[in-house]
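Peer 1: Given next are the chains, with one letter for each unit.
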Amino acid sequence: GDSVTQMEGPVTLSEEAFLTINCTYTATGYPSLFWYVQYPGEGLQLLLKATKADDKGSNKGFEATYRKETTSFHLEKGSVQVSDSAVYFCALSFNQAGTALIFGKGTTLSVSS
Amino acid sequence: GAVVSQHPSRVICKSGTSVKIECRSLDFQATTMFWYRQFPKQSLMLMATSNEGSKATYEQGVEKDKFLINHASLTLSTLTVTSAHPEDSSFYICSARDAGRGADWDTQYFGPGTRLTVL
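The listed protein sequences correspond, in order, to chains A and B.
Counting along the first sequence from 1, when you hit position 18 you're at 21 in this note's numbering, and nothing is skipped either side.
Counting along the second sequence from 1, when you hit position 3 you're at 5 in this note's numbering, and nothing is skipped either side.
Everything labelled a hint here was simulated from the structure, so no lab data went into it.
Just so you know, even glycine gets a beta-carbon here, dropped at the ideal spot from N, CA and C.
A hint or two may mislead.
With the C-beta cut set under 10 Å, the calculated list includes, among others, these residues of chain A facing chain B [to be verified]:
1. Leu47
2. Gln48
3. Thr68
4. Ser96
5. Gly107
6. Gly109
Pulled out of the complex, with its shape left as it was, chain B reads as follows (with noise of 0.2 Å):
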C-alpha cells in the first residue's frame, strides 16, 4: 500500500531555532499534501494545504511566516517551524493524496507525525 514518511520521528529544539519537517510519499506521486497537529487528546486541525509547484493555503489562524511549507516535487513537502517557541511543541502530521490514474481520489495516506518539543 502506499507508504508515507516522516522525519525526523521527534526533535527537541531551543527557542528560538528553526526546525524543518519532512513529508515524503514513498511509492506514489502526491500533487497535495495536508498538514496537521495534534495536540494531546485532541483531533487534528488542519494547518495548510500543500501543492506542489505553488503556493501552500493555510487554514485561518495558521502563521504563514512561521510554518513555511514547500512542495518542491510530486514526492516531497517540508514544514519548516521558524523561530520556535514553547507553544509550538505538538505533534506534525502530513498526509497525502496519490495522485495516480487509477488512485482513490479521497484517500489520504498519513505520516507516521513528528514530535516537536521547543524547550
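For reference, chain A alone in the conformation it holds in the complex (with noise of 0.2 Å):
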C-alpha cells in the first residue's frame, strides 16, 4: 500500500547548523507531498508542499523538492533556529477531495543555543 518513511529522530542540532530531514514515500499513482510541523502542544500545521515532480516547496526557511526518481521529499533548512524545535511530519494525499493524508512517523528536531 501507499506509505511514507521518515528518518528516525530525534535530531538534535547547535543552532545555525544546516538541516536535512530525509523522507521517501511508496505510491501506486502520483500524490501530492507535503510536511507538516507540530510545535510543543499545538496542532499540526502545513509547512510546505508541492504538488508534482520537480516542485520546490518552500516556508520560513524550509525547503523540500519532490523527486520522482527517487520517491522522495527530503526537508532542508540552512541554518536553523531554536524556534524550529518541533516534530516534523512527511505526508502524502492523491488528487481526490475525500482522500486524507498518509503520515510518516514524524521527526522531532531538537535545536539548542
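With the hints as a guide, dock the two chains, each given alone in a separate frame, to form the complex.
Peer 2: What follows is the structure, encoded as C-alpha cells:
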C-alpha cells in the first residue's frame, strides 16, 4: 500500500546548523507531498507542499523538492533556530477531495543555542 | 488563514462513560473532515473520514460502534467515544478541508487536538 518513511529521530542540532530530514514514499499514483510541523502543545501546521515532480515547496527557510525518480521529498533548512524545535511529519495525499493524508512517523528536531 | 477548533482540549473520564469531542471549522466550510489518533511519539493514524450529511467511512480495525462520528453541518463534526476504557486514552486530532471555491483541495487544516484520559 501507499506509505511514507521518515528518518528516525530525534535529531539534535546546534543553532545555525544545516538540517536535513529524509522522507521517501511509496505510492501507486502521483501524490501531492507535504511537510507538516507540530510545535510543542500545538496542532499540526502545514509547512510546505509540492504537487508534482520537480516542484519545490518552501516556507520559513525550509525547502523540499519532489523527486519522482528517487520517490523522495527531503526537508532542508540552511540554518536552524531554537524556535524550529518541533516534530516534523512528511505526508502524501492523492488528487481526490475525500482522500486523507498518509503520514510518516514524524521526526523530532531539537535545536540548542 | 483557515482555523479549526476542537473542544475540549483535555478530558478525563471514568471507565465506562462516553465522551464527545467537537471539531469546528471556524471560517470555512468543510464537506470532509478527518479524525486521527496519535499515540505518544508516534504518527497520526487515520480513524475515519467524516462526510457532511452521510455516514462516516472508518479505517480497518476502527470500531464504528465505539467511535461514533456525526457530521451534521458544514462546520461541525463530532467524535463520541462510547463506553471508554483506559486503552482509549490518546490524543485525538481532527482536520478539515476547505470546500470553498478556489480553496486548495489538498490542504488540510488541523485542530489542536484533544487529550483523552480514561481512568
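Peer 1: A separate judgement is required for each hint: does it hold in the structure or not?
Peer 2: Now the hints, each set against the structure:
no. : hint   : in the structure
1   : Leu47  : holds, 4 Å
2   : Gln48  : holds, 7 Å
3   : Thr68  : violated, 18 Å
4   : Ser96  : holds, 5 Å
5   : Gly107 : holds, 6 Å
6   : Gly109 : holds, 5 Å
Consistency with the previously given hints fails for number 3 only.
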